[in-house]
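Read off the chains here:
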Amino acid sequence: MNVAMNPAPAAARRSPIHDALEARGAEWRDVNGTTFAVRLRDEPAGDDIPAAALCDLSGLNQLGVKGPDAANWLSTAGVDVPADLYESRPLPSGGRVVRFGAHEFFLEDGIAGSKASELSEQLGFGAEQVYRVEHQDATFLLTGPRSLDVMAQTCGIDFREANGGRAIFTRVAGVSCALLPETIADQQAFRLWLDPSYAPYLWEELVVIVESLGGHVVGAGRLFPDLPA
Amino acid sequence: MDRRLPPREGEWIDRSQPVEFRFEGQSLAGFAGDVLSSALWAHDVRLQGRSFKYHRPRGLYSLAGHDANVIVEDGRRTNMRGDLLPITDGLDVYSVNTSGGLQRDRWRIMERFDRFLPVGFYYKAFHTPRWLFPHYENQMRQVAGLGRVHPGNAAVETPKDYAFCDLLVVGAGPAGLAGAIAAAEQGLKVLLVDEQPHPGGSLNWQWSGNPAAQEQFGGMLEQVHSHDNIELRCGTQAAGAYNDYWIALVDDRRLTKLRAKAMLVATGCFEQPAVFQNNDLPGVMLASAAQRLLQLYAVKPFDRAVVVAANSDGYRAALDLHGAGVEIAAIADLRHDGEPTGLAQNAADAGIEILAGCAIAEAVPSGGKARIQAAAVCPLEKDGSLRTGSLRRIECDGIAMSVGWSPNVGLVYQAGGRFRYAEHVEQLVPSTLPDGLFVAGRANGLFELHDQIADGRRAGLSAAAHLGRFDGNLPDSPQHQASPPSHPYPIFSNNGKKNFVDLDEDLHLADFKNAHQEGYDNIELVKRFTTVGMGPSQGKLSNANAIRILARLNGASINETGTTTSRPFYQPVRISHLAGRRFHPQRRTPLDGWHRQHGAEMMHAGAWMRPEFYSTSGSTRDACILAEAKNVREHVGLIDVGTLGKILVCGPDAARFLEHIYTGRFEKQKVGRLRYGVACDETGVIIEDGVIARLAEDRFYVSATSSGAAVFYREMQRWALIFGMKVTLINATGHLAAMNLAGPKSREVLAGLTDADLSPDAFPYVGVKEATVAGARAIVMRVGFVGELGYEIHVPASQGWHVWTSLMEAGRPHNIRPFGVEAQRLLRLEKGHLIVGQDTDALTHPFEADVAWAIGKDKPFFIGSRSLDIVKQQSLDRKLVGLSFPAHRSGPLPQECCLIIHEGEIVGRITSIAPASTLGHPIAMAFLRPDLANVGAKVTIRTTDGRTADAEVAAMPFYDPDGARQK
Chain A
0 MNVAMNPAPA
10 AARRSPIHDA
20 LEARGAEWRD
30 VNGTTFAVRL
40 RDEPAGDDIP
50 AAALCDLSGL
60 NQLGVKGPDA
70 ANWLSTAGVD
80 VPADLYESRP
90 LPSGGRVVRF
100 GAHEFFLEDG
110 IAGSKASELS
120 EQLGFGAEQV
130 YRVEHQDATF
140 LLTGPRSLDV
150 MAQTCGIDFR
160 EANGGRAIFT
170 RVAGVSCALL
180 PETIADQQAF
190 RLWLDPSYAP
200 YLWEELVVIV
210 ESLGGHVVGA
220 GRLFPDLPA
Chain B
0 MDRRLPPREG
10 EWIDRSQPVE
20 FRFEGQSLAG
30 FAGDVLSSAL
40 WAHDVRLQGR
50 SFKYHRPRGL
60 YSLAGHDANV
70 IVEDGRRTNM
80 RGDLLPITDG
90 LDVYSVNTSG
100 GLQRDRWRIM
110 ERFDRFLPVG
120 FYYKAFHTPR
130 WLFPHYENQM
140 RQVAGLGRVH
150 PGNAAVETPK
160 DYAFCDLLVV
170 GAGPAGLAGA
180 IAAAEQGLKV
190 LLVDEQPHPG
200 GSLNWQWSGN
210 PAAQEQFGGM
220 LEQVHSHDNI
230 ELRCGTQAAG
240 AYNDYWIALV
250 DDRRLTKLRA
260 KAMLVATGCF
270 EQPAVFQNND
280 LPGVMLASAA
290 QRLLQLYAVK
300 PFDRAVVVAA
310 NSDGYRAALD
320 LHGAGVEIAA
330 IADLRHDGEP
340 TGLAQNAADA
350 GIEILAGCAI
360 AEAVPSGGKA
370 RIQAAAVCPL
380 EKDGSLRTGS
390 LRRIECDGIA
400 MSVGWSPNVG
410 LVYQAGGRFR
420 YAEHVEQLVP
430 STLPDGLFVA
440 GRANGLFELH
450 DQIADGRRAG
460 LSAAAHLGRF
470 DGNLPDSPQH
480 QASPPSHPYP
490 IFSNNGKKNF
500 VDLDEDLHLA
510 DFKNAHQEGY
520 DNIELVKRFT
530 TVGMGPSQGK
540 LSNANAIRIL
550 ARLNGASINE
560 TGTTTSRPFY
570 QPVRISHLAG
580 RRFHPQRRTP
590 LDGWHRQHGA
600 EMMHAGAWMR
610 PEFYSTSGST
620 RDACILAEAK
630 NVREHVGLID
640 VGTLGKILVC
650 GPDAARFLEH
660 IYTGRFEKQK
670 VGRLRYGVAC
680 DETGVIIEDG
690 VIARLAEDRF
700 YVSATSSGAA
710 VFYREMQRWA
720 LIFGMKVTLI
730 NATGHLAAMN
740 LAGPKSREVL
750 AGLTDADLSP
760 DAFPYVGVKE
770 ATVAGARAIV
780 MRVGFVGELG
790 YEIHVPASQG
800 WHVWTSLMEA
810 GRPHNIRPFG
820 VEAQRLLRLE
830 KGHLIVGQDT
840 DALTHPFEAD
850 VAWAIGKDKP
860 FFIGSRSLDI
870 VKQQSLDRKL
880 VGLSFPAHRS
890 GPLPQECCLI
900 IHEGEIVGRI
910 TSIAPASTLG
920 HPIAMAFLRP
930 DLANVGAKVT
940 IRTTDGRTAD
950 AEVAAMPFYD
960 PDGARQK
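Line by line, the protein sequences give chains A and B. Letter by letter, the first sequence follows residues 0 to 228 in numbering that gives the first Met the number 0. Letter by letter, the second sequence follows residues 0 to 966 in numbering that gives the first Met the number 0.
Just so you know, these hints were derived from the structure itself, not from any lab. Because the structure is a prediction, the values reported are computed rather than measured. Worth double-checking, as some hints may not be accurate.
[Said to hold, decoys possible] Simulated restraints, written as ranges between beta carbons of each label pair:
#: 1; chain 1: A; residue 1: G213; chain 2: B; residue 2: G24; range: 31 to 41 Å
#: 2; chain 1: B; residue 1: F722; chain 2: A; residue 2: E86; range: 23 to 33 Å
#: 3; chain 1: B; residue 1: Q716; chain 2: A; residue 2: G213; range: 36 to 46 Å
[Unchecked claim] Partner residues are not named here, just some residues of chain B that face chain A (Cβ under 8 Å, in silico):
#: 4; residue: Y161
#: 5; residue: A162
#: 6; residue: F582
#: 7; residue: P589
#: 8; residue: G592
#: 9; residue: E769
#: 10; residue: H801
[Claimed, not checked] These stretches of chain A come out as covered by chain B in the derived footprint (C-beta under 8 Å, 3 or more residues):
#: 11; stretch: 140-148
#: 12; stretch: 199-209
C-beta: ideal position from N, C-alpha, C; glycine also.
Construct the complete structure from the given sequences, taking the supplied hints into account.
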């Protein structure tokens with residue numbers, strides 16, 4: 000009985016909020032093997048960032064590694080390993096690595112980078128004392144002048160004093176998230192990582208709040224105009 | 000009659016914005032900025048509400064948000080206070096607590112029965128006979144209460160939020176403004192809140208005729224508005240203080256949970272009423288209410304008034320009213336020595352008669368009691384009692400009371416502050432305050448404007464020093480130098496029965512005397528017996544007088560008498576504000592959208608949404624479920640099992656760790672093989688089950704039940720720490736999509752999509768492989784939960800959709816169709832597989848559940864092993880068995896949890912049941928007494944409608960007992 004077959008081409012990836020973006024008339028673009036909604040039907044005209052802008056970046060490649068030798072393995076692979084818990088460092092070609100625990104790291108490529116993706120291939124199912132942590136996190140980016148107000152309605156942390164570059168583990172609208180304060184186009188921004196099974200729920204809640212504050216859901220193209228074609 | 004005055008400096012109404020509204024069906028007009036009470040009074044509508052118990056006429060009284068008898072509803076919102084409710088175009092409100100309308104309220108007859116309604120009458124009247132109590136209760140509920148809740152109204156979501164500041168300043172009056180500015184100048188981030196729509200506090204209505212005060216006010220306001228460190232929120236009440244300055248702020252739209260590093264309370268005082276006969280009727284009001292009406296809303300309170308005073312504020316009020324055209328017939332000054340300041344001369348110069356050492360014995364009502372027509376003024380004896388033989392009637396349509404103040408310091412109490420009674424001001428002042436809490440202004444016993452401002456500045460700097468932002472010398476707190484601003488006992492009895500102490504609850508002086516006679520001599524007990532302070536205004540206008548009355552009845556001082564406990568909230572808070580947006584996180588698998596697009600009826604499964612079954616046009620639910628199950632048996636089906644817990648256990652001690660967690664053996668488990676595992680708690684109760692796949696020597700992949708996975712993972716983490724083993728745990732539950740391809744055609748469907756060798760030898764039953772499926776990195780397991788050849792495929796969540804749709808496409812020639820949770824439950828029931836949590840309960844151990852085979856022999860230890868060693872020695876009380884029902888039967892089928900009855904005794908219960916099965920008859924799983932559990936034994940089950948159903952104990956599995964089909 001012939002039952003062994005060749006593998007199919009790499010499986011297409013899909014954002015956990017694909018349907019919600021599709022309903023907003025998303026214009027999709029493949030970038031480095033992943034798919035982004037670059038523009039949405041009801042986005043305001045122009046390039047300005049609205050009062051609050053919510054963007055889905057779940058297409059970014061991610062990798063989690065955990066284990067006693069994880070730091071060494073990353074360092075050997077050319078990653079600038081964060082020394083402190085919750086600290087983040089940039090990846091060589093864009094993106095970031097965050098220390099989630101004493102022996103646990105999370106890597107996410109930037110729009111242009113591919114380091115996390117390369118290391119993922121390299122790690123395969125794992126290595127000696129280095130274990131793959133399956134990270135399929137939803138990545139939401141919230142920015143704009145009223146982004147703090149959105150956070151104030153969903154989270155009990157004072158983000159005015161939050162240190163950019165350090166991840167914060169908290170709950171947003173009741174969902175456990177890792178959150179990284181950052182700056183985009185001189186605007187305060189928050190990157191949220193969360194279990195993808197909660198993504199449709201949290202997205203819906205955030206959209207309601209963002210829009211109640213005069214904000215909009217935007218495509219990745221608005222926040223990253225240099226998004227590769 | 001229009002009582003609106005020409006425009007006044009500082010008025011809060013916007014005359015360019017007329018507003019049309021309706022009250023009790025009557026169309027009226029006002030201006031933006033008016034509250035309902037002011038707009039009504041402007042039309043000389045004095046009857047604005049009815050009292051709680053006697054349904055007496057009530058009108059505007061404090062105009063400060065405490066008028067608990069002027070409460071209205073609009074059919075959507077209820078219990079809105081007239082002195083807080085802004086009028087808006089289209090507002091259409093009715094008074095609550097009436098029958099037949101405010102004017103003709105049928106319940107006003109209650110006043111005639113007042114002798115039968117003393118405090119606590121319901122405690123004494125309705126407890127016997129007991130069988131009548133439900134009737135009494137029903138009647139009481141009909142009569143008592145205020146507005147009505149309308150459950151059918153749509154939910155309102157409010158934007159509850161969090162906020163943070165260094166210093167919260169509560170109250171934007173003179174002291175609060177000064178405190179905020181002083182603290183902000185030292186670099187503190189200050190949040191300044193005031194419940195009124197505009198800042199300024201008493202500067203708006205009490206000092207409005209004082210140019211120097213107004214200039215100071217303007218200067219402070221400019222500083223507040225221009226200072227980057229100050230955020231001013233008006234229309235915002237600090238509703239409650241909790242530990243560590245966690246403060247609830249409430250405004251019209253939302254509740255804000257504020258974390259402050261320190262708090263300055265500059266909330267001022269509540270003016271307190273005098274107690275005399277008919278002191279509750281429309282036309283009798285606090286002097287500050289008359290001033291507010293005049294200065295804020297430009298409404299003339301009365302035409303001819305008597306002012307009863309015991310301080311300088313009463314004289315200021317009289318002069319303000321006089322200046323606005325109100326004829327002041329007299330000032331009845333409770334003090335025998337009269338007013339010591341120049342205000343007395345100013346009043347005399349204005350032609351106002353001053354009656355020193357006099358009180359008001361009675362407000363004389365007009366017909367219907369909706370107005371007053373005169374004040375009965377009476378000289379006071381030196382002991383404060385009325386010299387009733389010398390009553391003097393003074394015609395008037397209004398009485399303004401200015402006899403004293405009580406500090407508005409509920410927040411201070413809640414934050415841990417304590418108070419003492421200070422006789423130099425005849426009010427409570429702070430005695431001890433916790434670190435970070437500051438009080439200033441009138442609440443601190445300071446009544447002169449310059450003292451309040453100086454005290455605010457002192458408190459602001461003190462807060463800055465407390466937070467390490469100021470190290471200079473702190474100014475001393477000012478001291479009140481003049482005569483006491485409050486009268487020690489403004490309570491006068493003329494043997495009348497309607498001299499009210501608490502307007503909310505219709506409590507009059509005699510009620511307190513009666514309570515005291517019955518032995519209630521403690522303020523907390525008096526509160527509970529009389530209900531003083533338990534109405535909507537929470538005693539803001541009644542507690543101070545109640546304490547004075549009790550102190551006098553006890554012959555004790557105020558300090559000895561004490562105060563009642565202040566609890567949140569300061570004012571009633573809408574339920575919608577408390578609820579906020581109601582976040583209820585819900586989990587969805589990556590295939591959720593596909594299920595919905597394909598007719599799935601979704602169901603809640605813990606935090607998850609899952610397809611219960613896929614609806615087919617023209618088929619019933621049960622028929623759809625049965626068809627899905629049959630398709631699995633005959634062809635191939637695909638089910639989304641992404642909700643299963645998915646935990647990686649890695650490290651050199653992984654196998655040993657699993658041997659501790661589960662009852663079974665894993666150290667010798669071969670790589671590439673699965674084992675079934677049962678986990679117990681320390682008492683031997685089953686808490687989890689699942690499959691354990693060995694992916695590598697040091698790497699296991701464990702599945703857990705959908706609803707128990709999160710807790711089980713936490714338990715594993717806890718035990719890993721306790722055991723101190725070299726093990727790494729990874730919870731991948733939400734990050735992996737999972738699907739079970741099951742049925743005789745499943746191998747053929749999968750074969751075209753994977754690089755794995757699926758031949759039975761290379762990939763036998765209970766095997767596991769890491770492979771690719773439809774291009775996705777996958778863990779593929781040969782499982783048999785539904786009793787057919789099957790592959791459970793786990794892939795990254797983002798690729799779940801692609802893999803699922805690829806399988807559905809590949810399965811099309813083989814009649815593939817999706818199946819839902821219910822079909823899976825049926826199939827596994829046919830196969831006799833239990834579901835932890837459904838077929839087990841919080842006491843079930845492996846011996847009862849017939850999974851003792853999963854306990855490893857001669858294991859030295861696993862969690863629960865010691866308990867199971869003991870349990871094993873005991874006889875079973877119950878046993879999980881199969882039940883078979885006849886194919887052709889009549890009458891209802893039992894449901895899950897229906898009881899099995901034998902000779903009148905409960906001997907078991909159904910845990911799972913399938914009304915229809917692929918076997919052609921209903922089957923069930925049940926706990927049953929072991930002596931009745933022999934195969935073939937007949938049992939009787941009581942159905943939910945009280946009838947009975949017969950079944951027969953059957954061997955499990957019902958289907959394919961040899962397991963040939965799944966291999």
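How the hints compare with the structure:
| no. | hint | in the structure |
| --- | --- | --- |
| 1 | A/G213 with B/G24: 31 to 41 Å | 39 Å, holds |
| 2 | B/F722 with A/E86: 23 to 33 Å | 30 Å, holds |
| 3 | B/Q716 with A/G213: 36 to 46 Å | 43 Å, holds |
| 4 | Y161 | 5 Å, holds |
| 5 | A162 | 6 Å, holds |
| 6 | F582 | 4 Å, holds |
| 7 | P589 | 6 Å, holds |
| 8 | G592 | 4 Å, holds |
| 9 | E769 | 6 Å, holds |
| 10 | H801 | 4 Å, holds |
| 11 | 140-148 | violated (count 1) |
| 12 | 199-209 | holds (count 6) |
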